[in-house]
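Participant: One line per chain: the protein sequences are A and B, in this order. In terms of this note's numbering, the first sequence opens at residue 1 and continues consecutively. In terms of this note's numbering, the second sequence opens at residue 1 and continues consecutively.
If you're looking for bench data, these hints aren't it; they were derived computationally from the structure. Incorrect hints may have been included.
To be verified - Listed next, the in silico DSS-like pairs over lysine-lysine satisfying Cα-Cα at most 27 Å (straight line):
no.	chain 1	residue 1	chain 2	residue 2
1	B	K371	A	K153
2	A	K113	A	K74
3	B	K113	B	K95
4	A	K153	B	K382
5	B	K226	B	K81
6	A	K185	B	K382
7	B	K382	A	K182
8	A	K182	A	K94
9	B	K182	B	K94
10	B	K185	A	K382
11	A	K371	B	K153
12	B	K371	A	K182
13	A	K382	B	K153
14	B	K185	A	K185
15	B	K382	A	K113
16	A	K409	A	K275
17	B	K392	A	K392
18	B	K182	A	K382
19	A	K371	B	K185
20	B	K182	A	K371
21	B	K153	B	K182
22	A	K185	B	K371
23	A	K382	B	K113
Number of protein chains: 2
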Amino acid sequence: MSLTIKLTHFNLLTKTHNKNQNFKTPIYHTNKLSKSFFLGSTKTTRKMLGGHVVKIKSSLIEPDGGVVIDLVVKENEKDLKLLEAEKMVKIGLKKIDLEWVHVISEGWASPLKGFMRENEYLQSLHFNSLRIGNGSVVNMSLPIVLDIDDETKEKIGSDNDVALVGPDQTVVAILRSIEIYKHNKEERIARTWGTIAPGLPYVEEVITPAGNWLIGGDLEVLAPIKYNDGLDHYRLSPKQLREEFDRRQADAVFAFQLRNPVHNGHALLMNDTRKRLLDMGYKNPILLLHPLGGYTKADDVPLDVRMEQHSKVLEDGVLDPETTIVSIFPSPMHYAGPTEVQWHAKARINAGANFYIVGRDPAGMGHPTEKRDLYDPDHGKKVLSMAPGLEKLNILPFRVAAYDTVAKKMAFFDPSRAKDFLFISGTKMRTYARTGESPPDGFMCPGGWDVLVNYYASLQAEEATPAAVSA
Amino acid sequence: MSLTIKLTHFNLLTKTHNKNQNFKTPIYHTNKLSKSFFLGSTKTTRKMLGGHVVKIKSSLIEPDGGVVIDLVVKENEKDLKLLEAEKMVKIGLKKIDLEWVHVISEGWASPLKGFMRENEYLQSLHFNSLRIGNGSVVNMSLPIVLDIDDETKEKIGSDNDVALVGPDQTVVAILRSIEIYKHNKEERIARTWGTIAPGLPYVEEVITPAGNWLIGGDLEVLAPIKYNDGLDHYRLSPKQLREEFDRRQADAVFAFQLRNPVHNGHALLMNDTRKRLLDMGYKNPILLLHPLGGYTKADDVPLDVRMEQHSKVLEDGVLDPETTIVSIFPSPMHYAGPTEVQWHAKARINAGANFYIVGRDPAGMGHPTEKRDLYDPDHGKKVLSMAPGLEKLNILPFRVAAYDTVAKKMAFFDPSRAKDFLFISGTKMRTYARTGESPPDGFMCPGGWDVLVNYYASLQAEEATPAAVSA
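This is chain A alone, in the form it adopts within the complex:
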């Protein structure tokens, strides 16, 4: 997909934001919310960015390790740190590395304070968890690591600290008290994905081309990571989310992780979850609709299109903006199924969620070389419900939703009249959108569906152009 198309969608999105008055339901308040953050930034910056670890006062679920990590240096220390960094060996960050710096710096991986050293890496790989100072265990299922090549290792020699440089050549962070250890790619892949079959997206994009060494250490980030893609206002940190949940006096927060457009089946279960929480006696359950914003594989719907689609779902009243927060989860996607779903859940604890919705085959995909799902579709929820460090999180397993051809709407699947139900997979949905065919009435709100149709139309237009040139 070209930059032009991305901008088109961004423009659509921006336009949408400027036409609030036209909407049935006021557009999602992230603008308001982020405005309040930005307006309040002078006053709150010091407190918010004032140290590496800031104690959060909140009645919300306790973050892993007790505090949400914040690794952005104080404004008044920045210049000095920058001078210091200039003298250090520089390590170039790739786009996905930068996404991980973002993730770590805001405390999604709390209590992790930097790229993993070997002890953390090994615990993550073997136990999907880390034992911390007080003897308790936090979940940590994905190795969050930074690779370097032989030449860079040589250059670093016995230095203690290195500077991390973004793709645009600016110094992004310092990595302190570094430890360099071997990057056994085969073992990392096998233990993380449960296969080493060729064709795993994150492996091909990140691990195969990576260096033979990993470098761990404590991170000091010189400035908050921004993408300047028109979506930064959606990128609330765990601390900002916690503050917003507090402001709304949420007594329950339920998170919904997704990397796909929201259809009415998703909406059904989010609304149903809210109802169940009210039935349980909670007064004000808040939904965190939390699309993943980092690296995704090429055939997934890109972030800007998804954000626009999610906006429409709120505009169309499918989800209630008063009890929903839409925000971007900055992590890259591994497609590592039961291993990754733990990371998705753990990160949301740090953002204040005490309920986590999990469905069929979370973070899964087709096996890259065999005609089957890579993971047993039930393993994700089973593993999640037993995972070390997630005991304090309430896991809400999905009831499967499908299109009820009698009621003509998405409904919870009723096995007693199985033949009335139509399962519309992500692939099927994309095929509909790509071919311009309408999905059954009630599958997705019309505004949201239009976003997808437009996206695939623009993609086809783009694909047609180079074909003409090469013909």
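Starting from the structure of chain A, add chain B where the hints point.
Facilitator: Frame of chain A; chain B shown alone:
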């Protein structure tokens, strides 16, 4: 190696046992010890085999789950159970399956009460540990599972229980309240070994030919598993070992897992460990010299030869029989490095050991397709020291021993005079023994070395015969 050779060695061993009066140091007392068990069996059987779970009274380290599991049925219930089993669908056990029945039935894997159901399997695979009823965590790094093929699954249908039948067609056990679930071999291998490269011995022997289903359930074993190979008296159960440690009033038990002949480097560190424990204030530390007795790969030295070699080490006074117990650990070998060493340690907790010696590359081997160690030689001890459920076990990392060419003995490696030291690997040792070349003086006691030389000589004699035929 043919049965003939095995018998030769068994004969040698038996002969050794009958000539106690010739030894410098009285031969290892396992005979005495096992005699006392066998003599005492009428009196103690009921108490010992009297239930599925028997509370052990001991000042020793608490077994996982608080009790050492014993799954052998009461003598007076056996006939009824056998009648019942005859009506059940029969599942044929392979030799290694029977070794696992042995392991589970005696409580090495406590609190595991049978072959794993899916919840246990998934926890083992993903977390190397199991959460138990009281919320605490026990280590369990290897999936202990039983496979069945499609046809057997079909035959079982919706039955609740099945009978397990040994290679000799006798009913060995009942598996109750069974659960059948998919055997995803690729995922199992990748997560257990950290590779799926062809040539992993346990994989080729057990997993590749296995069925597509796993069957879990509670085990009821009809009679203690015996091998009738002349070595059963060495096979003390965790309960028997605990009773022996109590009888000796051990205030510390340190376990040494091995699958190789004992050389003087091993002995040095075992004796040094004892010294360190005495220095720490323990009055009576007992060494559990605990060779692995289940499946090993073809080029490892077979059990009977190793047991004979270990006897010689005690005869020759290299280890002190008064403070050493030699016993066989019945588990099969996975060669799964850092994952397996946890199993080796965990099982010894159940046998009463509170100290565990760990060296370079435990349970490791060469990569089957690349010219390198399969595992980082330091990962075993690192992973072990961080493993969930092993917190109560004291891990004693090896100091590396090598042959000191100046002192002409095995000694702890001194990096300040590295050039004086000679490292003799297992491969090198086998080459010496195979070629009839003597290792440096002081590498191994002469009696133990002779056992190896004889073994390889008989092996070569055997290899020569078919070569002549095929020529």
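Participant: Regarding the pair B:K382 and A:K113, is the alpha-carbon distance no greater than 27 Å?
Facilitator: Measuring from Cα to Cα gives roughly 21 Å; hence the hint holds.
Participant: A:K185 and B:K382: Cα distance at most 27 Å?
Facilitator: Status holds; Cα separation ~19 Å.
Participant: Given the hint that B:K113 pairs with B:K95, does the C-alpha gap stay at or below 27 Å?
Facilitator: Since the Cα atoms of B:K113 and B:K95 sit roughly 20 Å apart, the hinted pair holds (cutoff 27 Å).
Participant: Starting from B:K371, check that the Cα of A:K153 is at most 27 Å away, please.
Facilitator: holds, 23 Å
Participant: Tell me if the straight-line CA distance from B:K226 to B:K81 falls inside 27 Å.
Facilitator: Holds, at about 19 Å.
Participant: For A:K382 and B:K113, compute the direct alpha-carbon distance and say whether it is at most 27 Å.
Facilitator: Answer holds: A:K382 to B:K113 is near 21 Å, not above 27 Å.
Participant: Checking one constraint from the list: CA of B:K153 to CA of B:K182, max 27 Å. Satisfied?
Facilitator: Distance of about 11 Å is within 27 Å: holds.
Participant: Are the Cα positions of B:K382 and A:K182 separated by 27 Å at most?
Facilitator: Between B:K382 and A:K182 the Cα gap is close to 14 Å, so the pair holds against 27 Å.
Participant: Holds or violated: are the alpha carbons of A:K371 and B:K185 at most 27 Å from each other?
Facilitator: holds, 16 Å
Participant: Quick one, are A:K409 and A:K275 close enough, alpha carbons at most 27 Å?
Facilitator: holds, 19 Å
Participant: Is the hinted pair B:K182 and B:K94 satisfied, with a Cα-Cα distance of at most 27 Å?
Facilitator: Holds. B:K182 to B:K94 sits at ~19 Å (cutoff 27 Å).
Participant: Assess, step by step, whether the Cα of A:K182 is no farther than 27 Å from the Cα of A:K94, and give holds or violated.
Facilitator: Satisfied, since the Cα-Cα distance of roughly 19 Å is no more than 27 Å.
Going through the hint list in order, the structure satisfies each hint without exception.
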